[in-house]
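Asks: The residues making up each chain are set out below.
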Amino acid sequence: MFNRTIVWFLGAGLMAGAVFAAEPQDLPGTNPNPVHLIHPPVQPLSAMARLGRDVFFDISLSSSGKMACASCHSPDHAYGPPNDGPVMLGGPQLTLPGMRAVPSLTYLQRQPDFSIGPDDKSDDDNSPTLAQRADAGQTATRVQKTATQSDQSAENIVPQGGLFWDGRADTLQIQATGPLLDPREMDGGSIEAIAEKLRQAPYAKKFAALFGEGILKNDNLLVAEATFAVSRYQIEEPSFHPYTSKFDYWLEGKARLSESEMRGYRLFNDPRKANCAGCHTSKPSRDGFPPLFTDTQYEALGTPRNSELADTRDPNFFDLGVCGPVRKDIAEQTQFCGMFKTPTLRNTAVRRAFMHNGVYQTLQQVMDFYNFRDTNPEKVYPIGADGKPQKYNDIPAQYHANVDVIDPPFDRHPGETPAMTEQDEADIIAFLKTLTDGYKPEQ
Amino acid sequence: MKTILLSTATLLAVAVAATSPGPVTAGQNNDKTDKSGVSVNDLPTRTPIKHLVVVFNENRSFDHYFGTYPNALNPEGEPVFEPAKNTPRDINNLLSSPALLTNNPNLNAANGAGATNPFRLDRTQANTSDQNHGYTSEQKAYDGGNMDLFPSTVGKGTSGSAGAFGTTGQVMGYYDGNTVTAFWNYAQNYAMSDNAWGDQFGPSTPGALNMFAGTTNGFTLPVVPPGKPTTEPGLGQALLAAGAGVPNSDGSLTLTGDIDPAGDVCSSPAVQVQMTARNIGDLLNGANVPWGSFVGGFNLETINNNGTTGCKRSSAKQVGGNATDYVPHHIWFQYYASTSNPTHARPTSTKAIGFTTVPGTRKIDPANHAYDLNDFFTAVGSGNYPAVSFIKMASFQDGHPGNSNPLDEQTGLVNLVNFLQEQSDWDSTAVIVAYDDSDGWYDHASAAITSGSFSPADMLNGTGNCGIPGSTPMPKGLSGQPVAGRCGPGTRQPFVVISPYAKKNYVSHVLITQASIPQFIEDNWLNSERLGGGSFDATTGSIMDMFNFNKKNSIKLILDPTFGTVDTKDKSKN
Numbered sequence: 000m001f002n003r004t005i006v007w008f009l010g011a012g013l014m015a016g017a018v019f020a021a022e023p024q025d026l027p028g029t030n031p032n033p034v035h036l037i038h039p040p041v042q043p044l045s046a047m048a049r050l051g052r053d054v055f056f057d058i059s060l061s062s063s064g065k066m067a068c069a070s071c072h073s074p075d076h077a078y079g080p081p082n083d084g085p086v087m088l089g090g091p092q093l094t095l096p097g098m099r100a101v102p103s104l105t106y107l108q109r110q111p112d113f114s115i116g117p118d119d120k121s122d123d124d125n126s127p128t129l130a131q132r133a134d135a136g137q138t139a140t141r142v143q144k145t146a147t148q149s150d151q152s153a154e155n156i157v158p159q160g161g162l163f164w165d166g167r168a169d170t171l172q173i174q175a176t177g178p179l180l181d182p183r184e185m186d187g188g189s190i191e192a193i194a195e196k197l198r199q200a201p202y203a204k205k206f207a208a209l210f211g212e213g214i215l216k217n218d219n220l221l222v223a224e225a226t227f228a229v230s231r232y233q234i235e236e237p238s239f240h241p242y243t244s245k246f247d248y249w250l251e252g253k254a255r256l257s258e259s260e261m262r263g264y265r266l267f268n269d270p271r272k273a274n275c276a277g278c279h280t281s282k283p284s285r286d287g288f289p290p291l292f293t294d295t296q297y298e299a300l301g302t303p304r305n306s307e308l309a310d311t312r313d314p315n316f317f318d319l320g321v322c323g324p325v326r327k328d329i330a331e332q333t334q335f336c337g338m339f340k341t342p343t344l345r346n347t348a349v350r351r352a353f354m355h356n357g358v359y360q361t362l363q364q365v366m367d368f369y370n371f372r373d374t375n376p377e378k379v380y381p382i383g384a385d386g387k388p389q390k391y392n393d394i395p396a397q398y399h400a401n402v403d404v405i406d407p408p409f410d411r412h413p414g415e416t417p418a419m420t421e422q423d424e425a426d427i428i429a430f431l432k433t434l435t436d437g438y439k440p441e442q
Numbered sequence: 000m001k002t003i004l005l006s007t008a009t010l011l012a013v014a015v016a017a018t019s020p021g022p023v024t025a026g027q028n029n030d031k032t033d034k035s036g037v038s039v040n041d042l043p044t045r046t047p048i049k050h051l052v053v054v055f056n057e058n059r060s061f062d063h064y065f066g067t068y069p070n071a072l073n074p075e076g077e078p079v080f081e082p083a084k085n086t087p088r089d090i091n092n093l094l095s096s097p098a099l100l101t102n103n104p105n106l107n108a109a110n111g112a113g114a115t116n117p118f119r120l121d122r123t124q125a126n127t128s129d130q131n132h133g134y135t136s137e138q139k140a141y142d143g144g145n146m147d148l149f150p151s152t153v154g155k156g157t158s159g160s161a162g163a164f165g166t167t168g169q170v171m172g173y174y175d176g177n178t179v180t181a182f183w184n185y186a187q188n189y190a191m192s193d194n195a196w197g198d199q200f201g202p203s204t205p206g207a208l209n210m211f212a213g214t215t216n217g218f219t220l221p222v223v224p225p226g227k228p229t230t231e232p233g234l235g236q237a238l239l240a241a242g243a244g245v246p247n248s249d250g251s252l253t254l255t256g257d258i259d260p261a262g263d264v265c266s267s268p269a270v271q272v273q274m275t276a277r278n279i280g281d282l283l284n285g286a287n288v289p290w291g292s293f294v295g296g297f298n299l300e301t302i303n304n305n306g307t308t309g310c311k312r313s314s315a316k317q318v319g320g321n322a323t324d325y326v327p328h329h330i331w332f333q334y335y336a337s338t339s340n341p342t343h344a345r346p347t348s349t350k351a352i353g354f355t356t357v358p359g360t361r362k363i364d365p366a367n368h369a370y371d372l373n374d375f376f377t378a379v380g381s382g383n384y385p386a387v388s389f390i391k392m393a394s395f396q397d398g399h400p401g402n403s404n405p406l407d408e409q410t411g412l413v414n415l416v417n418f419l420q421e422q423s424d425w426d427s428t429a430v431i432v433a434y435d436d437s438d439g440w441y442d443h444a445s446a447a448i449t450s451g452s453f454s455p456a457d458m459l460n461g462t463g464n465c466g467i468p469g470s471t472p473m474p475k476g477l478s479g480q481p482v483a484g485r486c487g488p489g490t491r492q493p494f495v496v497i498s499p500y501a502k503k504n505y506v507s508h509v510l511i512t513q514a515s516i517p518q519f520i521e522d523n524w525l526n527s528e529r530l531g532g533g534s535f536d537a538t539t540g541s542i543m544d545m546f547n548f549n550k551k552n553s554i555k556l557i558l559d560p561t562f563g564t565v566d567t568k569d570k571s572k573n
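The listed protein sequences correspond, in order, to chains C and H. Per numbering that gives the first Met the number 0, the very first residue in the first sequence carries number 0; after that it's consecutive. Per numbering that gives the first Met the number 0, the very first residue in the second sequence carries number 0; after that it's consecutive.
Do not take every clue at face value.
Below, in silico cross-link-like pairs of lysine-lysine (DSBU-like), each with a Cα-Cα straight-line distance of 35 Å or less [as the list claims (entries may be wrong)]:
{"id": "1", "chain 1": "C", "residue 1": "K216", "chain 2": "H", "residue 2": "K84"}
{"id": "2", "chain 1": "H", "residue 1": "K84", "chain 2": "C", "residue 2": "K205"}
{"id": "3", "chain 1": "H", "residue 1": "K311", "chain 2": "C", "residue 2": "K282"}
{"id": "4", "chain 1": "C", "residue 1": "K327", "chain 2": "H", "residue 2": "K503"}
{"id": "5", "chain 1": "H", "residue 1": "K139", "chain 2": "H", "residue 2": "K555"}
{"id": "6", "chain 1": "C", "residue 1": "K216", "chain 2": "H", "residue 2": "K503"}
{"id": "7", "chain 1": "H", "residue 1": "K555", "chain 2": "H", "residue 2": "K503"}
{"id": "8", "chain 1": "H", "residue 1": "K551", "chain 2": "H", "residue 2": "K568"}
Since the hints were derived computationally from the structure, they do not count as laboratory data. These figures come from a predicted structure and were not determined experimentally.
Next up, chain H with everything else stripped away, as it sits in the complex:
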């Protein structure tokens, strides 16, 4: 059976490659000149940041990780967290109103047996079930901003492995500094936001696309399951029924669900989607700024210690069980013809990483800015440090409940940040840790809806409504006409900036979203050029509040990758 699936996927990949522009003719680089001679540190930038590393993790809400920050329970035997005296207390979390923990709106009877106050998840409960995080389900949980229907609408999904914790009302659980210890220590020493949101409601793929392109509008379906309609109006209705997309009056489709990217040899052969918007990779290519995406499990030739390889490469979780490293529907660049690498082709050399062309030649490098996570360590360690690096951990470390957990996530993140702090270019580096989605985990805060949507998929404030009809504007799509399916801001998520220029022990209250990431890249390297086509990069808030470019914090913070506790704090010699 497996063989049949794989060979079908291969055939599909060939078919798609034949009808869509592959990496060889891709993007903005038709002049085919040697673009590899760029010195990243000499590129003009608006800030002292010469290297941005975006670690894009999965499925955690802000209160789920920072609900009681900076107060941890500190039970015997767990990593201890004690906050610094000057830790800000004006944080919008579960401590901002005592009733949130003792008389929570989710106690209401509509939640049935799941009705509960928020409760602490212990470090031994790092391995939990996954919650429901559909575009419509999350809107229902938010209940017009009442934030009171989480257990009944986004409660327990899959069960996790043998040692996992699950209960009715589990969606109300939160971790503290005894479990997400590294995050809390980064927050103590660098900057975070308590006002960071998904650009829209919904799961992983829309989050990844908003981080990369600021929009989910405009897609085609090169692969549709047999028997399903391929054209309107049937196609839009089928997408709505599947909770995957919304049809618009301008004829375009907006993606609201998780569908695998077109042509990726690892994608499901059943249904595949291709986005048509411009993305930040296109802008970076146009300006000849070295950049790359580094993805755990991307190199199909690698053989893991357990003997797995190819699309089925997998890793063992420290909480038990295995997870397949590469998850196609999390991988932003694969959705766009201009930035995809559907065959997972390897770069010609470590020196070619980050560049469109092979160094010293006019030949287009086959990797098309898409690499394995291992390549990041190899390239940066050898002095080839791209200006912009997007990181996707292998799925056991991506934070997604079920296939990952906060402890494996912590290990992956700490190893990466420890490594970067040892590089000579750390003093011009900023690491952003952000999320694609909340997973549905309870959060008490809601943002005023600024991008309305009024489609059958919308249920925030009454059937068919996300926003106030006639008052809340709908965002524009690629065609310039208003489109549905982009309702937001959606769920609130952690957002941490780790950099010598991050304000120390600072909590920013400026409203930002996933699209604030491409906005920062545009502001820093691209003279604030915007993506257009209704991308949220033009309208969202700026992350600049989390930086102080006049004051460099030269203290290195090396954390223990298992416990997240502080190993050493050293004055950097750089």
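Just chain C, same shape as in the assembly:
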């Protein structure tokens, strides 16, 4: 066994080599240590998934009669929002702005349950409550998150996993129920109202075929099966997790990165530079699953307040993510106030609404936020009456201590040199564009 351990360490070393020492050997931009990635099995959609597809595109389930799941999770936009604004408009007249930017539905099939600290899946009988885990986190030391230390930081007793920006749903089925009922989104009204629409839907007979005639008489179960079918469509339909980006092909030795992309890749992984991979994990898992570009943990970044959002007209309104106001079960864990889930960066380049509040429209703005938040906050936050930048202006003062000032590049101070040059940012953005699915490798 000892020998095997050594082999594993060598394996890890080779991977690091791929990250940092990819000097041009024969063909520039190739991966000197190609890996074999495990891809999800591609099979014909099950009857359940085909039913889910019908539900996913059904506009009749909304009060407007014009909005389906696919309206905000557009298949043409990596199952993210198709519009230019920070949020989508919903409700009965499609005039009510949503509260947060629409997350992509891609790459969620491996998402772990929401937990505080690593989710111990061995012990469903004796799982500690979230409050107990949070208490444990109070006294635990937190490992700094750097691109080269992600195995250690994965053990941090901090929120991780779950769905939505605040992790309040564990399953795609529960997640699908949220927008269906949200008055600012599909505004389905009630379980009973949605069940009635499902009974009238052209695909209603498919429920009976899968679950028996009795299903149409049981509102709760009918809606549960419909939303499960949607989740199954997301699990089975390959376009929700294609892993066909240029970077995936590069990992497998089937594509070459340009000079700029390669530089961006190194900066992305460099703990002293952008350190993006500290949270947006770029390594394949040890058993060969492609990287998800998120560690699924939660961070309080101190994103600037977005005055474009309807909610922010109320100066006392603060969207604090894990501790509320949408999520309500761990509101007392105020050390998590201001924390939102780290999203995947796959297909991020096709988005036009970034961060939980959609405050940024371009990747350039996002890079500037990371680069200047601590060294030049005046470039990131509005200037207050006192003439100083209003740092963390979307989080109440008593929770400012929750904001991450440990993980690079957030460990810098005013006046210090920013982590990235203009060219660095451009190169990283070039690399991020290699994470867009649908790349056609040269033969």
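We have chain C; now place chain H onto it with these hints.
Replies: For chain H alone, coordinates are given in the frame of chain C:
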């Protein structure tokens, strides 16, 4: 944080090892003679069975897996199941009365939004939430035998991973032959019981202990959480409050909940329990019968493909997500000083597997009959096939909702049974597939309570009652006095016997329990010696009805490990 937890566990393990007999001085083997020369096939047995393999899975009720057996819905694209014409129809399942599926007692208003008829879970819904399966909660669901409070008392627990299915009233869901296809095919070709029960209500640990020792009475708590009482009366009250144990008038404690075993380096450092009863391993050691327990994740030195090792070794589920392989509170032998292997010490060699002493020596083998599941394949494949093997799959394949699911469970079971059918000793093998608990999943049947309990933990028929006061007897504890916390039979579970001597396509109606497993071992190898101390092995029913020892079925049934469908049916050359 993790480092702190681990080092605490290690310290505890050292402390416990210092105060309790470890494997080196354990059990019935103080004469320290070489016991390794036994030829298993030459051991005298009451039946032609020379090798028993018990696959002890997790948390499924009988109706949950066989509710509509042998009728499957067969939707397009799923593995097809068609029953043989001669399949018995007198099975006690959801088809035995039409109203069970269309006008079920759980439709009653007390179940609130969860009130529902039983409903089919599709193969795409193999990954579900876990249900509530506490000793008291299960009794409440059974509601004095009315079987009508499942959604309100044992409904949804944890949520499962991203692709999981969950709904109010989910506890009423059942699978059919399109999901548990291998089970249904084994039932078509071998024997199963529709009358198999947990010896008592409650979760995993009590089930595992009843399978191994026939009792949950008599334990100590070497590790108690800081600030909790360590002596009576406070200790018993704390156990009752935690739903973990019941104090008795003879001063003993009965285990009703899941607590990790004392001293196991992988156990929770917060609270640990040690049982004091005799177990079937002690009897097998006393008679020098080679035996072993083979547990997924037990070898702490192994490194899985995903790089995990030690107590945190984990495997990827085919339905998504990972599960830690080794779960201490499922592991029967770790609860007893005489059979435990708290450090997960390795056997000295493959040849030593099954034996107390190292082959050719008088030295006690450090593994103490406790091995990794991989060791089972290695040992049996090399011709060292113990008489009795207890199997615990790695948790992703143990069947427990949440960490496992019927599809991963099927893969683990089929790979094991396919492997055994290829061995030359298959013709003297019996595989039992049984369960530690129902998980709370709906089942329409209840057994007449024969072991009563009247404690604050009991709620079957009114507060404080499980059984009729003054009429239903309480079982005896280790001291010989009646004890509480052992109320049963509890929940009904699947029980399948796969063997050349199993009756073909047969459903037995003889009432059996988890303790019927040690009873069979005693009857076959030990001249029906019983464990004593109130063990259920003396009073429960026999599994012999599922065998016909005059007729050997030499057809091998090789199943597809992914779909559970029949790959080949070959006349055995053995």
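Asks: Hint numbers the structure violates, sorted upward?
Replies: Numbers 4, 5, 6, in rising order.
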